[in-house]
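**Q** Residue numbers (this note's numbering), protein chains in the order written: chain A, 2 to 272; chain B, 111 to 407; chain C, 11 to 260.
FYI, nobody ran anything at the bench for these hints, they're computed from the structure. It should be emphasised that the depicted structure is a prediction, and the values quoted were computed from it without experimental measurement. Glycine residues also receive a C-beta, built at the ideal position from the N, C-alpha and C atoms. Certain hints may be false.
[Said to hold, decoys possible] Just some of the chain A residues that point at chain C, by a computed CB distance under 7 Å:
no., residue
1, 89
2, 158
3, 160
4, 178
5, 261
The chain contents come next:
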Amino acid sequence: MKALMWVGMAVVFGFLISVIWTVFSRGAKAMSWEMVSQLPGGGFYIGKEGGFLNAIVGSLYIVGASTAIGLLISVPVVFYLNVYLKKDSKLAYVARLACDVLFGMPSIVYGAFGFTVMVFFGLRTSLLGGIIVITLLIIPIFIRSMDEATRNFPRDILDASFALGATKWETLKVVLRQIAPGIATATLLSVGRAIGDAASVMFTAGYTDSIPTSLSQPAATLPLAVFFQLSSPIPEVQDRAYAAALVLTIIVLILSIGGRFITHRFSKNKL
Amino acid sequence: MLGRRILKDRVAHGTMATLTVFVILMVLVMAVGLCLKSAPVLEGQSLWTLLGSSEWKPMKGQFGFLPFIMGTLWVTFLAVLIALPISLLTAIFLTEYARPVVRRFVFPALDILAALPSVIYGVWGMLVIVPWISERLAPHFVEFSSGYTVLAAGIVLGVMVIPLLVSLFIEVFSSVPMELREASIALGATRWQTTRKVVLRKTLPGVLAATVLAISRAMGETIAVLMVCGCVIGIPTSVLDSAYPIPALIANNYGEMLSMPLYESALMFAALILFAVVLIFNLISRIVLYRIERRDA
Amino acid sequence: MAIEVQHLNVHIGDNHILKDVNLTLPERQITCIIGPSGCGKSTLLRTLNRLIDSTEGVKLDGKVLVDGEDIIGSGPEITELRRKIGLVSQRPCPLPMSIFDNVAYGCRINKMFKRRKSLIYAVQKNLMAVGLWQEVRGRVRTPAARLSIGQQQRLCLARSLAVAPQYILADEATSALDPISSKTVEDLFVSLKNEYTIIMVTHTLRQALRIADNVVFMYLGEIIEQGPADQVFNHPQQELTQKYLSGAFS
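Make a model of the complete structure from these sequences and hints.
**A** Below, the structure written as structure tokens:
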């Protein structure tokens, strides 16, 4: 039995190595400085020159904005669930359940839903649409993982703060300090998810060759740069896709490994 | 002075409560939005024709979802079939057998597997799995296969749900108190007997819930599947056939549907099916998992 | 001024935790609440500053008069009342910040000092009051979590004193400490009773014997006996109190 388990583990590692090796070896061949520093030349399906700077910038815009908005929305919710509401509150139960359900929603459903919302408000595929839908997508991730860090928060610390005459709102500062590592890991997790998600931005952010200059213009994203350019018959365009895949993988690897370090660095003041 | 502080606290309370309710309502808003959007196609055809017919002729206004539903089921079933044994063994090994050192190596690996974007899995599937199927595997069974098959999608998806399954299983297994294991070991049971008769039996509901959760995750996965499934409309009859799962259908046609309201509505209905199935699966399994967690606490 | 408890009943869910509690806690004295575990001592303490609010399904009725003001019916003004009532809990729990910030926390929140200098002075004064200043003077900017557990408990006391309370509630404040730190903290309470009204929950009879001016004996949510320490310990009126003191149950 134990041998079988080792086999299981080996298979898991095998898959991981295979995926990363494939992306790296194929991507490295296509990689060049021009890839990450230039816009695609003459149409992303057919133009042979240039790189995918548009997708890098587009992804940065969308991920940056939605992470910021997501944090602004989810920190208060987590704080509310854990400090304002009592331990066995029904509302907190429902809210946690809702987050778990939203967390499990496929991103294509988010995409479709986001699309209907945009149609409702008369928006076209745009940077703004991408930001909105990615924000909605990562809020449950934010809330879930910060909530996990906060739930074990020592009740005594809250009591100590209240006993000194602090209101609940004033206690936020204390809670934030204590869960800082949790917030950092949650952010990395959300950024990782936000940057890699393709299905939701497909409908909402669209795709374009240029860098958006306003919120109402469509924006390219890295995963879509991989997806669309890979379906092109021209090898040079496919190369761009492989290079984009390499960049995307490296970003995600950095985020994932960085997350492990951050947990240790931030816990200086933690109990 | 004090009044202002209390006012601040009140305002904060109100804002936070609103945001929390907003998050809860998002589920409802999604449901309502998708329902409204898919209403037109439901007017034209009954629910049962939509789900049970395999006539897909958007130009004539006929939308039979059966091929896509079957495609989703095939791919999902295969993915879980591949992922379940591997994940179960890995999770048992990590919780019951492995020393902490091993965990220190495996957890980061699982983290990375979970973090890799689905488009990367798609690239991997196209570069590795698809050629392997079409050149090595398929020739033994059929004359020709492009490699873009149910099997390819199943393997890629299977790998993608492994980290989710393992982490859920580990959580479930850790909820079994150590004393219970010790009691069994003290009675002369081996580690494996203990695992099988005590740990697995005690956590069966949790294991099932985790599996259901993985199924719902696999069902909704889009890009990776879209890249390797072949996207040929038709009900697959073997794992070496192409498939066209629902998420791929939605993603593939997003551009064209804009010109035809009924087509758009049909795709939104497809999204609604996914939403409903995932919602129900998630609700059930999460509630079961909550129960287990609480019993543990 | 003092704390007066009149006909206080506390329910948590279906459980009747405190049953018709009547109590006077005299000023500038140490009152020890004793009794077997689970008798409602801590609940009573947590009701006095309404920290009990954060418990699910709690219902309070009766009156708790602090300086003549009923705190049971009061709404958000409880925040101000809590400032007047310091709390030292069972396990020391420093806030996740530096030693200095821990003591300054309450002052800052209540905006007690306009000038930074007076804040620094106040922190220093309170650290001195608990005898911690000599031990930490060079490192007040380091995280409080690095102090020893006995030092942490004194820090918590200093933190409570910094917001100028009139009352100090201590919930088995020495039970998590080693004997030496325990003695230090105990002595501190004795030295503080000239300025503060101290209410202590304790499960060690001997501690109550050493420092109490007044003793309240509780059993199953009821007050069985209360009075000056001498009287309760040496001439208990109730049979139950006698039994408890003789160690028949605990």
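**Q** Output the numbers, in ascending order, of every earlier hint that fails for this structure.
**A** Hint 5 is the one this structure does not satisfy, whereas the remaining hints hold.
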